[in-house]
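Make a model of the complete structure from these sequences and hints.
When the letters of the sequence shown are read in order and numbered with this note's numbering, they come out as residues 200 to 305.
Derived from the structure by calculation, the hints contain no laboratory data. Watch out, some of these pointers could steer you wrong.
[What the hints assert, rightly or not] With a straight-line Cα cutoff of 27 Å, these simulated DSS-like cross-link-like pairs (lysine-lysine) come out:
hint, residue 1, residue 2
1, K257, K285
2, K241, K257
3, K250, K240
4, K241, K254
5, K240, K253
6, K285, K240
[As the list claims (entries may be wrong)] What follows is a list of derived Cβ distance ranges for each label pair:
hint, residue 1, residue 2, range
7, Q238, D273, 21 to 27 Å
8, T287, T244, 33 to 39 Å
9, V277, L219, 35 to 41 Å
Every residue gets a Cβ at the ideal spot worked out from N, C-alpha and C, and that includes glycine.
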Amino acid sequence: MIQSFQYAAGAGGGGSILGLVGPFVLMFVVFYFLLIRPQQKKTKTRNAMLKALKKGDKIVTIGGLHGTIMEISDDIVVLRVNDVTKLTFDRGSISHAVATDVEEKV
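Here it is in structure tokens:
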């Protein structure tokens, strides 16, 4: 009788492994669609915006500084803040580009 009980417990143990792995797989799928995939899309959109910047674009930095791009290279951006002041920033410190009235009408 003890041997039959051990056999039954051993046979049921294999099914419980699948029962434990299933919820973890389900949690990973949920995390992928709710967290990972949207973050990847946001990163892709941001990188496309940074690559599309050109001289004369009005932008806002991560720190909230508004300016116009005077010079741009692969990793450095020189912004004109007012008529006299020019500041140098990393390209990655740009938060977003600001649409002007002329661009909205076109």
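Now the hints, each set against the structure:
{"no.": "1", "hint": "K257 / K285", "in the structure": "holds, 14 Å"}
{"no.": "2", "hint": "K241 / K257", "in the structure": "holds, 21 Å"}
{"no.": "3", "hint": "K250 / K240", "in the structure": "holds, 15 Å"}
{"no.": "4", "hint": "K241 / K254", "in the structure": "holds, 24 Å"}
{"no.": "5", "hint": "K240 / K253", "in the structure": "holds, 23 Å"}
{"no.": "6", "hint": "K285 / K240", "in the structure": "violated, 33 Å"}
{"no.": "7", "hint": "Q238 / D273: 21 to 27 Å", "in the structure": "holds, 24 Å"}
{"no.": "8", "hint": "T287 / T244: 33 to 39 Å", "in the structure": "violated, 25 Å"}
{"no.": "9", "hint": "V277 / L219: 35 to 41 Å", "in the structure": "violated, 57 Å"}
Violated hints, listed in ascending order, are 6, 8 and 9; each of the other numbered hints is respected by the structure.
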